[in-house]
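Q: Chains as they are written, first to last, in our numbering: chain H, 1 to 249; chain D, 1001 to 1291; chain U, 2001 to 2325.
Hints were generated in silico from the structure; no laboratory data involved. Glycine is no exception: its CB is placed at the ideal position from the N, C-alpha and C atoms. Don't take each hint at face value.
Stated by the list, open to error - Cβ pair distances, simulated, as ranges:
no., chain 1, residue 1, chain 2, residue 2, range
1, U, N2010, H, D75, 32 to 38 angstroms
2, H, S60, D, G1187, 39 to 45 angstroms
3, U, V2296, D, G1187, 36 to 42 angstroms
4, H, D22, D, D1178, 42 to 48 angstroms
5, D, K1243, U, R2115, 19 to 25 angstroms
6, D, P1283, H, S13, 48 to 54 angstroms
Unchecked claim - EDC-like cross-link-like pairs, simulated, lysine to aspartate or glutamate; straight-line CA separation at most 20 angstroms:
no., chain 1, residue 1, chain 2, residue 2
7, U, K2114, D, E1098
8, H, K165, H, D147
9, U, K2114, D, D1178
Given next are the chains, with one letter for each unit.
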Amino acid sequence: MTMAIQTKGVCMSFGALTVAEDINFELPVGARHALIGPNGAGKTTFVNLLTGRLKPTSGSVFLGGLDVTHLSQADRVKKGLGRTFQINTLFNKMSVLDNVCLSIAERENISNQFWSTAASQKRIIEESLELLNLLGISGDSKVLAKDLPYGKQRLVEMAIALGLKPKVLLLDEPAAGVPSVESHRILQAIDSLPSEIAIMIIEHDMDLVFKFAKKITVLVQGKVLCEGTPDEIANDRRVHQVYLGEGHE
Amino acid sequence: MDSFFASLISVAFHGLAYGMILYVISVGLSITMGLMGFTNLAHGVFAMAGGYVLVTSLSKFNIPFPLALFLSFSLIALVSVVLEKLLYQRLYGAIELEQVLLTIGIIYIGVACARLTFGTLQQPVVLPEYLRGQFSLLGRDFPAYRVFIICFSSLIIGGLWFGVERTIWGAMVRASVDHGAMAQSIGINTKRLFTITFALGSGMAGLGGALGADIVAIQPTYPLEQLVFFLIVVSVGGLGSLKGPFVAALLIGVTDTACKYWIPELGSFFIYIATIALLLWRPAGLFGKRS
Amino acid sequence: MSQHIGYSANARLRWTEVLPWVFSALVYYYLPEYLSLGARVLIYILFALSLDLIVGYSGIITLGHAAFFGVGAYTCGILSVRFHLTDPVLSLFISALVSAVLGLVTGAIILRTKRLTQLMLTLAIAALCLEVANKATNITGGADGLSGVSIAPIAGLFNFDMFGKTAFLWCLLVLFVGWYLVRRVIFSPFGASLTGIRENNLRMQAIGAGVYGKLMYVYTFSAALAGIAGALLTQTNQFVGLNVLGFEPSGELLVMLILGGVGRMYGAFVGPIVFLIAQDFLAKQFPEYWTLGIGVLLLFVVLFARGGILGMVDRILGLFKGSAK
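Excised from the complex, chain H in its bound form:
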């Protein structure tokens, strides 16, 4: 069975600092996976390695069976990979509608059309509004992204990634620092995603992790500590040690 995304022996060092060590990772099609670990474990670095923002010092990354190790971020997105960022990475001086439309336009390959007007792209605008509606912010479609409160910005961050209709979705702390109304919407949106999409979440909120994930990977200091079902991880002594320190049995 071809994995949605897979890494073999991925290592990453900056000089003497090793941030990823021999990571072998598999995300099957339709996965509901969580990546957890203490701060500085290298979780975001790993996502950057998966998406191509960083190139590994050694090892390979596979997307749907295809070796994408030397492909750029944009190329990997075209092959079905989507992500959100830990820090809101939006088009600040553009409207919420534009933020999502840009994403859909890229997916539909109309973003290089220079003769037609953007405003006449009815299909794209409609789809964008539907997506915003799903996340409950269609009323803010004309607001500039920078003028939104943090929680709503996080929803826009999510909408941009969803607009790509990716086959693999990597979410970096999607609900971190988000008020409950918006985080509820984010979780609902994730739940409503088609089951064929492989989803991996980086999270610190253990309630969310245990509710969402069918499988969990624990990353510590750039190395995979262990992998397993939520029950297995919850009962794993090593995980307890890492999070709570020695002496907690």
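With chain H held as given, fit chains D and U onto it using these hints.
A: Coordinates of chains D and U only, in the frame set by chain H:
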């Protein structure tokens, strides 16, 4: 053959002097850009101002040469602090376009003031007696002033490198260049560090402009004409690095001198082409941080 | 900045957009002594539009845009003086092509680099072009420039008269076409994606956009437009000299654009109009103070009036709207 060898030595010598001047002027730009992330295109104005201070001190006020050099450093450093507090500080977080525009505005003002105060002609440098004439070294004669430039610049550069490598200030600068937010969180007063470093870098530019007034003529068009060379030194050397721009400055100094001597029809053409080629090969510069 | 691009924008022509053309017609009929200044303004509006595409809409800062302007200007001059090719339309077309090729080559070099390096390279390329024009005296006339550039009548009918009437109308026509093309691009999905690149390059990559490719397109197009503007200048003055190259015209253009308002198309109209008219009256009398004034103006705009003249107009209108409520 001997005359070719002689011209080779001469080119190397003059190139070395020019390169050192370029470095003394540009190193401040490299550090402040690496430290503050602020695109200061007006750096050449400081160099020019230093040159004017020297020339005016020597010819109008008959100030002795060493004192005049000291003034070129300190007056410019002082002025730069004032400018930093009044203008630069407001744009530290701003987008690059605004920083570029601000500093271009400062260039225009500097150029206009120079023209209004001193006229458009090149300023002649009245060197003290003991620095004129020839200096004999290994059976060859070299202009004494150029020898002085090389020796004095080496001292300044040595002092700078020592300061950055061995002092607390230097450690703070290196830490802040590496990771500004981290440096702040361990208590480094980055604001004050910026001001001090900016003053030092601008003062050095003033000193370099003054020292090199004999090689790169002091005239109102100075900041615009020389800007591209300072930027080349910093980009080719690598932003925020200390040793990189040194190598770059020497390379440019020698290459430019060689071209002007042997292929004057090309002028600075070769330097621009070489810079483009080099940056295509190594986009972060020779010693720059590769992200 | 008013949201006038993208998917939520209204691309229909607003009544205010007709004003520049009405204004030009008025100038033609009622101010015939100012037609040569007028033509110069029209040329610089086209030049400024080309710069706004890359600085305002795509977020690429360049200090050497005059390289394309100058290359276009010299191509037109060289075609006429050295090759006796004087048809104005053909000469514009070839100048655009040559500038576009230069844009393609230099774009490939600079668009992959970051910040300071990119800025420096734009300066270096502009300095390079100036150096070439200065030294290749046989072709370019060196420091003396190329004079006696003759232009054939447009479509065989309209002669370039000495009152500058034909030149003015010719520049107006070319500007109109250029403006129309630029406006189409700005309101298109491509234009929206350019603004996306300016706003967040990383995010554009993360949604699969070929950022480098898009920037190459717009940079080449902008170079072609600037080249056309340069060629127009040569056709209008029947002369081309070194002052079309280097930092000076590049810096001036940047000032004009900032003065009018960057990233909003009509800033490229307002800026050159105000700047060139002021320059015509003031710079000749007090050249030193003119440079000083420009410097102070830049500081003022950057510190207090970031949107330029149009930005201030927006704010004043906003006050009125606010008090009307």
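Q: Now tell me if each hint is right for this structure.
A: Hint by hint, here is what the structure shows:
1. U/N2010 x H/D75: 32 to 38 angstroms: 35 angstroms, holds
2. H/S60 x D/G1187: 39 to 45 angstroms: 43 angstroms, holds
3. U/V2296 x D/G1187: 36 to 42 angstroms: At roughly 39 angstroms between Cβ atoms, D/G1187 and U/V2296 fall inside 36 to 42 angstroms, so the hint holds.
4. H/D22 x D/D1178: 42 to 48 angstroms: 27 angstroms, violated
5. D/K1243 x U/R2115: 19 to 25 angstroms: Since the Cβ atoms of D/K1243 and U/R2115 sit about 21 angstroms apart, the hinted range of 19 to 25 angstroms holds.
6. D/P1283 x H/S13: 48 to 54 angstroms: 21 angstroms, violated
7. U/K2114 x D/E1098: Holds: U/K2114 and D/E1098 sit about 16 angstroms apart, inside 20 angstroms.
8. H/K165 x H/D147: 26 angstroms, violated
9. U/K2114 x D/D1178: At roughly 18 angstroms apart (the allowed maximum being 20 angstroms), D/D1178 and U/K2114 satisfy the hint.
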